[in-house]
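Given chain B, work out where chain R should sit, using these hints.
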Amino acid sequence: AQTVTQSQPEMSVQEAETVTLSCTYDTSESDYYLFWYKQPPSRQMILVIRQEAYKQQNATENRFSVNFQKAAKSFSLKISDSQLGDAAMYFCAYRTYNNNDMRFGAGTRLTVKP
Amino acid sequence: EPEVTQTPSHQVTQMGQEVILRCVPISNHLYFYWYRQILGQKVEFLVSFYNNEISEKSEIFDDQFSVERPDGSNFTLKIRSTKLEDSAMYFCASSGLAGGPGELFFGEGSRLTVL
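Residue numbers (our numbering), protein chains in the order written: chain B, 104 to 217; chain R, 31 to 145.
With the rest of the complex left out, here is chain B (with noise of 0.2 Å):
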């Protein structure tokens, strides 16, 4: 079964700060996607970043980006030069080529301080 990790219910950061958010995830299989949702607090998720498990490249999106170690099953996201507007839950999430669900983490809250 594929499972998606956060370990952090909650982070904080100052405001133009880098914070790392992370996440693992267990699988057998070898090819898969991974993305960064974010949720603020209107509801609706959007995608941050997507990762393809199979480019050696890490992703990168303005001041998004991810750390991704296959070998680990780790995938962490970086925010850099935070701001206010980045305040949100956060969600991990794993999807193989195949299938059609999605499967999430149980989400990190990040508080953004001015």
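The set of hints was computed from the structure by calculation and includes no laboratory data.
Accuracy of the hints is not assured; some may be wrong.
Taking lysine-lysine and the DSS-like style, the derived pairs with C-alpha atoms no more than 27 Å apart in a straight line are [as the list claims (entries may be wrong)]: (1) R:87 <-> R:113; (2) B:176 <-> R:72; (3) B:158 <-> B:173; (4) B:216 <-> B:181; (5) B:216 <-> R:72; (6) R:87 <-> R:108; (7) B:158 <-> B:181; (8) B:181 <-> R:108; (9) R:72 <-> R:113; (10) R:87 <-> B:176; (11) R:72 <-> R:87; (12) R:108 <-> R:72; (13) B:173 <-> R:72.
Please read all numbers here as calculations on a predicted model, not as lab measurements.
Same frame as chain B, but now just chain R:
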């Protein structure tokens, strides 16, 4: 920008009543999903739907649940006889691709409160 819309945003019902949650996925998407999030817990997969039939479902999706795409735009989740433990936020999602890197686009959710 196209988005997934859900109604109602909040529904309160009595235990044992039937509830229908509605979703309008993004128009050119082919894959539809329901997830739920019990307060303070993780987002859980319920069911995926493609080509007018269920493609996958979780153990949560028992006989009390059903999904339907009654017309070309709506995608509904019905809970036949609600229980207290059905109280949760229910998220609809759609995607244009099956599996792979295709992201899921989520609606804002429908909060169900069962009394």
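Of the numbered hints stated previously, which ones are contradicted by the structure, given in increasing order? Of the numbered hints, just 8 does not hold.
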